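Asker: Sequence:
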Amino acid sequence: MTFVTRLTLQSGDRAALESIVDDIKTTAERKGAELKGPHSHPPTDLSVPQRCRLHADDDRHFSSWSYTVFTRELEIHGHDNLARNIAEQNFPDSVHIEAEVEQIHSAGRGN
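First residue of the sequence shown? That's 30 in my numbering, and the numbers climb one at a time after it.
Since the hints were made in silico from the structure, they are not lab data.
Heads up, some of the hints might be wrong.
Calculated pairs, EDC-like style, for lysine to aspartate or glutamate (alpha carbon to alpha carbon, straight line, at most 16 Å) [stated by the list, open to error]:
{"hint": "1", "residue 1": "Lys54", "residue 2": "Glu104"}
{"hint": "2", "residue 1": "Lys65", "residue 2": "Glu102"}
{"hint": "3", "residue 1": "Lys65", "residue 2": "Asp51"}
{"hint": "4", "residue 1": "Lys65", "residue 2": "Glu129"}
{"hint": "5", "residue 1": "Lys54", "residue 2": "Glu102"}
{"hint": "6", "residue 1": "Lys65", "residue 2": "Asp52"}
{"hint": "7", "residue 1": "Lys65", "residue 2": "Asp109"}
{"hint": "8", "residue 1": "Lys60", "residue 2": "Asp109"}
{"hint": "9", "residue 1": "Lys65", "residue 2": "Glu131"}
{"hint": "10", "residue 1": "Lys65", "residue 2": "Asp122"}
Here are the computed distance ranges between Cβ atoms for each label pair [as the list claims (entries may be wrong)]:
{"hint": "11", "residue 1": "Cys81", "residue 2": "Glu58", "range": "47 to 53 Å"}
{"hint": "12", "residue 1": "Ser123", "residue 2": "Glu58", "range": "21 to 27 Å"}
{"hint": "13", "residue 1": "Thr37", "residue 2": "Asn110", "range": "16 to 22 Å"}
{"hint": "14", "residue 1": "Pro72", "residue 2": "Ala116", "range": "22 to 28 Å"}
{"hint": "15", "residue 1": "Asn110", "residue 2": "His68", "range": "19 to 25 Å"}
{"hint": "16", "residue 1": "Tyr96", "residue 2": "Phe120", "range": "16 to 22 Å"}
{"hint": "17", "residue 1": "Val130", "residue 2": "Asp42", "range": "24 to 30 Å"}
{"hint": "18", "residue 1": "Phe91", "residue 2": "Phe120", "range": "27 to 33 Å"}
Just so it is clear, the structure is predicted and the values come from calculations on it, not from any experiment.
Backbone N, C-alpha and C fix where the C-beta goes; we use that ideal spot for every residue, glycine too.
Model the full assembly from the supplied sequences, consistent with the hints where possible.
Answerer: Here you go:
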């Protein structure tokens, strides 16, 4: 039975995101782990309206705050300890990480 750990990293700071992805790739290569990715998603442009006041009757607002979110996805096949260590790292506040673990059953095994 093999585990596949899918890491999704998101950030508005592209340089920080790329640095972390490069560190993960280097670590996986050094440990001999099977790594797929990074897969880049198209950047997402977001816009957040900003009100001048919190009062509901006040329709005044500042210009919207716009920003871009960059996403990279990596998959680590096997090497459970490596995947766990990467997912538990302290990342900068500007980088969000999600880890999804999937259990893959070997072909030919009956369940």
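Asker: Now tell me, hint by hint, if it's right for this structure.
Answerer: Okay, the hints, checked on the actual structure:
no. : hint                       : result
1   : Lys54 - Glu104             : 10 Å, holds
2   : Lys65 - Glu102             : 9 Å, holds
3   : Lys65 - Asp51              : 13 Å, holds
4   : Lys65 - Glu129             : 14 Å, holds
5   : Lys54 - Glu102             : 12 Å, holds
6   : Lys65 - Asp52              : 14 Å, holds
7   : Lys65 - Asp109             : 15 Å, holds
8   : Lys60 - Asp109             : 12 Å, holds
9   : Lys65 - Glu131             : 15 Å, holds
10  : Lys65 - Asp122             : 25 Å, violated
11  : Cys81 - Glu58: 47 to 53 Å  : 51 Å, holds
12  : Ser123 - Glu58: 21 to 27 Å : 25 Å, holds
13  : Thr37 - Asn110: 16 to 22 Å : 20 Å, holds
14  : Pro72 - Ala116: 22 to 28 Å : 24 Å, holds
15  : Asn110 - His68: 19 to 25 Å : 23 Å, holds
16  : Tyr96 - Phe120: 16 to 22 Å : 18 Å, holds
17  : Val130 - Asp42: 24 to 30 Å : 26 Å, holds
18  : Phe91 - Phe120: 27 to 33 Å : 30 Å, holds
Hint compliance for this structure: hint 10 is the single one not met.
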